[in-house]
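Undergrad: Residue-level listing of the chains:
Protein chains: 2
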Amino acid sequence: MRSGIVALTNMCMIYDDKGNVLIEEKVGRNYKGLIFPGGHLERGEPIVDSVIREIKEETGLTISDLQICGVKDWIQKDGSRYIVFLYKTNSFSGEIKSSSEGEVFWIPLDELKKKADFWHLDKMLEVFCKDEFSEVFFDATDEDYDVIIK
Amino acid sequence: MRSGIVALTNMCMIYDDKGNVLIEEKVGRNYKGLIFPGGHLERGEPIVDSVIREIKEETGLTISDLQICGVKDWIQKDGSRYIVFLYKTNSFSGEIKSSSEGEVFWIPLDELKKKADFWHLDKMLEVFCKDEFSEVFFDATDEDYDVIIK
Numbered sequence: 124m125r126s127g128i129v130a131l132t133n134m135c136m137i138y139d140d141k142g143n144v145l146i147e148e149k150v151g152r153n154y155k156g157l158i159f160p161g162g163h164l165e166r167g168e169p170i171v172d173s174v175i176r177e178i179k180e181e182t183g184l185t186i187s188d189l190q191i192c193g194v195k196d197w198i199q200k201d202g203s204r205y206i207v208f209l210y211k212t213n214s215f216s217g218e219i220k221s222s223s224e225g226e227v228f229w230i231p232l233d234e235l236k237k238k239a240d241f242w243h244l245d246k247m248l249e250v251f252c253k254d255e256f257s258e259v260f261f262d263a264t265d266e267d268y269d270v271i272i273k
Numbered sequence: 124m125r126s127g128i129v130a131l132t133n134m135c136m137i138y139d140d141k142g143n144v145l146i147e148e149k150v151g152r153n154y155k156g157l158i159f160p161g162g163h164l165e166r167g168e169p170i171v172d173s174v175i176r177e178i179k180e181e182t183g184l185t186i187s188d189l190q191i192c193g194v195k196d197w198i199q200k201d202g203s204r205y206i207v208f209l210y211k212t213n214s215f216s217g218e219i220k221s222s223s224e225g226e227v228f229w230i231p232l233d234e235l236k237k238k239a240d241f242w243h244l245d246k247m248l249e250v251f252c253k254d255e256f257s258e259v260f261f262d263a264t265d266e267d268y269d270v271i272i273k
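In order, the protein sequence lines correspond to chains A and B.
Residue 273, in the numbering used here, is where the first sequence stops; the numbers in between run on with no holes.
Residue 273, in the numbering used here, is where the second sequence stops; the numbers in between run on with no holes.
You may find that some hints are simply not true.
Pair ranges (Cβ atoms, derived) [what the hints assert, rightly or not]:
hint, chain 1, residue 1, chain 2, residue 2, range
1, A, D265, B, E249, 35 to 43 angstroms
2, B, D254, A, D269, 28 to 36 angstroms
3, B, S203, A, E255, 26 to 34 angstroms
4, B, G151, A, E249, 17 to 25 angstroms
5, A, D139, B, G151, 44 to 52 angstroms
6, B, R176, A, H163, 25 to 33 angstroms
7, A, D265, B, D201, 49 to 57 angstroms
Straight-line Cα separation of at most 20 angstroms, SDA-like style, residue types lysine to any residue; simulated pairs [as the list claims (entries may be wrong)]:
hint, chain 1, residue 1, chain 2, residue 2
8, B, K236, B, K220
9, A, K200, B, G167
10, A, K273, B, Y268
11, B, K236, B, E255
12, A, K273, B, P169
13, B, K253, A, I219
14, A, K246, B, P169
15, A, K149, A, P231
16, A, K200, B, D254
17, B, K253, A, S187
18, B, K273, A, G162
19, B, K273, A, E168
Chain A is faced by these chain B residues, among others (derived, beta-carbon under 8 angstroms) [unchecked claim]:
hint, residue
20, P169
21, I198
22, L244
23, L248
24, T264
Just so you know, the hints here were simulated from the structure itself, not pulled from any lab data.
We put the CB at the ideal spot given by N, CA and C, even for glycine.
All chains should be built: construct the whole structure from the sequences, respecting the hints.
TA: This is the structure we're talking about:
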């Protein structure tokens, strides 16, 4: 495609040096589950700046030294794309403060892996944690589609 | 922005274990210069698949074990975005075969750095080569804009 309708969003896995990650328990009208914080890019906003802003808004933390891990790439039923830029960092400062989007708290990564059943977080964790993967892809226009990692 | 018009493209730096990278001398109607091979995503195509396909078409090589390095993120004059997913790999097989888009050939990376004056390749090389950077950003709606890396 030359150009098309795309939603651009971000998500960030903040981790410490003790095996914990910062998770958000999202509470939306149509969903509820454990997911990493993030959100939509603003018009004209650089991707890295959008990650830093969303993390500040949803967790209270100021992050730096972001590493790109990959992309969640979702073909929606109308054929448009939904893209999530996946970042991680262990550089952060400030105090945790939850927002109206959901409570944020530390959880051992091993424990999260057992509970990751929301928004394909199980597949996203493979991309966040393993260098050989850089994409979570699924195509909702295909009724037999499965979520794959590449 | 919730959703907007976005062009999605890719670019890949293929490198060997002797300090060389595979470059393409693009020959378009309005441009001519040294750049890494790549191109547009097809409708519904996963990003990783699009990189493998474009590299096959433009260089003759079959690549694997792709690593994501970052994104070139360009706000165009009409406010739409132009995104280039930047990948690299040193896993390739086959024989080099140039396409009508331009001749491809190996060049020492150090030599390329001195010649990189086309399409912000100098800034992209920072993202390809340094883990601390993941974005080349510029905003063409701002007359005083400069290309920055983040």
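Undergrad: If any of the earlier hints don't hold here, list their numbers in rising order.
TA: 4, 7, 8, 10, 13, 16, 22, 23
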